[in-house]
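Letter by letter, the chains look like this.
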Amino acid sequence: MSRGGRSGERPMVPVATFDSYYGRPVIKSPVWRSPDIPGYLFLGGLAGASSVLGAGASLTGRPALARVAKVGSALSTALGGVALVHDLGRPARFLNMLRVVKPTSPMNVGSWILSTYGAATAVAAGTDVTGLFPRVGRVSTMSAAVLGPLLASYTGALLADTAVPAWHDGYREMPFVFAASGSAAAGGLGLLAAPLDQAGPARRMAVIGGTCELAALVAMRRRMGLTAEPYRDGRAGSYTRAAEVLGLVGTAGAAIAGRRSRAGAAACGLALLTGSAATRWAVFHAGLQSASDPRYTVEPQRRRLAARRSAVT
Amino acid sequence: MPADPMRQNSTRVDPVSMGRVRQNENPMDPAAASGYLDPPARVGFFTDTSICIGCKACEVACKEWNGVPEDGLQLTGMSYDNTGGLSADTWRHVAFIEQRVPIGANRPEALAAAPAGGTAAAGAGRGAGEAQQPAPVQGRQAVPAGAQGAAPVVAQPGLRWLMASDVCKHCTRAACLDVCPTGALFRTEFGTVVVQQDVCNGCGYCIPACPFGVIGQRSGDGRAWKCTLCYDRLTVGMEPACAKACPTQSIQFGVLDELRERADRRLADLHRAGVSDACLYGRDPADGVGGGGAFVLLLDEPEVYGLPPDPVVTTSDLAAMWRRVALAATALAAGGVVAFAGRRR
Chain R
1 MSRGGRSGER PMVPVATFDS YYGRPVIKSP VWRSPDIPGY LFLGGLAGAS SVLGAGASLT
61 GRPALARVAK VGSALSTALG GVALVHDLGR PARFLNMLRV VKPTSPMNVG SWILSTYGAA
121 TAVAAGTDVT GLFPRVGRVS TMSAAVLGPL LASYTGALLA DTAVPAWHDG YREMPFVFAA
181 SGSAAAGGLG LLAAPLDQAG PARRMAVIGG TCELAALVAM RRRMGLTAEP YRDGRAGSYT
241 RAAEVLGLVG TAGAAIAGRR SRAGAAACGL ALLTGSAATR WAVFHAGLQS ASDPRYTVEP
301 QRRRLAARRS AVT
Chain A
1001 MPADPMRQNS TRVDPVSMGR VRQNENPMDP AAASGYLDPP ARVGFFTDTS ICIGCKACEV
1061 ACKEWNGVPE DGLQLTGMSY DNTGGLSADT WRHVAFIEQR VPIGANRPEA LAAAPAGGTA
1121 AAGAGRGAGE AQQPAPVQGR QAVPAGAQGA APVVAQPGLR WLMASDVCKH CTRAACLDVC
1181 PTGALFRTEF GTVVVQQDVC NGCGYCIPAC PFGVIGQRSG DGRAWKCTLC YDRLTVGMEP
1241 ACAKACPTQS IQFGVLDELR ERADRRLADL HRAGVSDACL YGRDPADGVG GGGAFVLLLD
1301 EPEVYGLPPD PVVTTSDLAA MWRRVALAAT ALAAGGVVAF AGRRR
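Chains as they are written, first to last, in the working numbering: chain R, 1 to 313; chain A, 1001 to 1345.
Hints are computed from structural coordinates only; laboratory data are not their basis.
Where is the CB? At the ideal position from N, CA and C, for every residue including glycine.
Keep in mind that the hints are not guaranteed to be accurate.
As the list claims (entries may be wrong) - Quick list of simulated restraints, FRET-style, between CB atoms:
1. Gln1197(A) <-> Met142(R): 23 to 31 Å
2. Asp1221(A) <-> Val82(R): 19 to 27 Å
3. His86(R) <-> Gln1197(A): 18 to 26 Å
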């Protein structure tokens, strides 16, 4: 494929290798902006997993943990929803998402998940704080716990269902990365804000989530090969390293010190929350970087073509 | 040449009436698959880049007819292409590639096989002796084999220009259409893909979904825009503005099945004339996007023109993605159960 030799010496003009059209990207970069979209990915994961934590805390008689998880997920959902609407080219038309039901569009499915889940988690938090309508509160808490994991995971398909190489090629692991990252964040919030004597489940969720998040990220990058490079380079690379360090510190800290010291638990919780956010920013920027370099689009497709042709002959 | 593409396209095409005559012989007919009863025949573009002169009349005609706003008057500094690529405000884009290639030497068969007076393309039929002249207009002067083909074939530094008018492919399996969360993008009765601008809310999902980088977001407007294949003109039996304006009939509009046959004949002619690099791109209904409603004849690899060599509609993996989402959500819930199943503390 090396055909760079075709270009002669042409001062003033960039050397064209003709593996691409003057080095221009083949696909369009997403027009989604930071912090809106990576922020939403983080908040959705935090909210979704927190609802699981909140329901478990309610069922097992841990009111303080339940309060933290429910209020946290309601606020995260609200903030995430605002970020999504803010990112639209025509924010006033956000309800157009709900004029169809379309399983081929993860964003459409996500809109339905987010709106039903958002209602459930808002009612769950409202009834918990006010003490009104306890039966409605229980139903909402359970509904949010069922929809929450979907909210935390569907975003993997949302990103993967594009032509962006660093996103699409990771479609097998991306939902697991996000679900695990959401668990780590929700556990982190519990460690940060709930009293020690009720934070046991949050600590365990943080350790499980944090471990799985790191493992899923490694597995994803290893399988992707060339298109995993953006996760290592540039801005995305910095976020990836931050996510790894914070995730490792937070997870190990929660396992070791999270039971004994309130301050230690809070610090680990904060590290996990920040690490989870860093994961989303890493994935977001890796996608942008892979879209703007034609190499990540052309080379894997070239290899695919060559493999198909050699299989035929 | 047995078939003259220039003449065929000059007749006024009425896709509506054509549809009544030839309906749905193609099992991959996307309009029928989208629920249209008795849709007109699928139409599209065949862009023969071997006869493109890079005049950009298509870009201008498209802008004029569709009221597409100006999108910056900058010089790219890379070639005579100062448009850059397709975007919300560029629905036709003429790529311009300058290549240093040993003319003739890499294709001695071109000189031998070019029929006298035949339409050879892209300098492949040009004699070796002509190669060092400064930048002639590419390939149009159909060199008779008798005149220069007899010259000894020596590898000499040469230069060729490739020009190609790119456009939305109106894919049979269109990613933009699949992922659009509002239903703003829809399949027309002609099998084309169009954005309903009164529905689009500017979510931008279609933009990274397109494997060709066609659709874009218009700044100051927020919505996604792309080629409509002149939907308004089609409905009254007119051909799209770009095809109408093309002075060399490089852009040919018509019923897709007929265009494919015509393209096959043209490719065979070029191969016979020794232009062995000529290939059809987006013509194959078995490719990753089910074939394009708009396809091209290229004279080099697709990526040289900024096209993906093996595009695949991203939603072909969507079923697997949803399965993974379900598994991941279940795993999260199971993790929650485990978190509470431990010691009470």
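How the hints compare with the structure:
no.: 1; hint: Gln1197(A) <-> Met142(R): 23 to 31 Å; verdict: violated (42 Å)
no.: 2; hint: Asp1221(A) <-> Val82(R): 19 to 27 Å; verdict: holds (22 Å)
no.: 3; hint: His86(R) <-> Gln1197(A): 18 to 26 Å; verdict: holds (21 Å)
Checked against the numbered hints above, the structure violates only hint 1.
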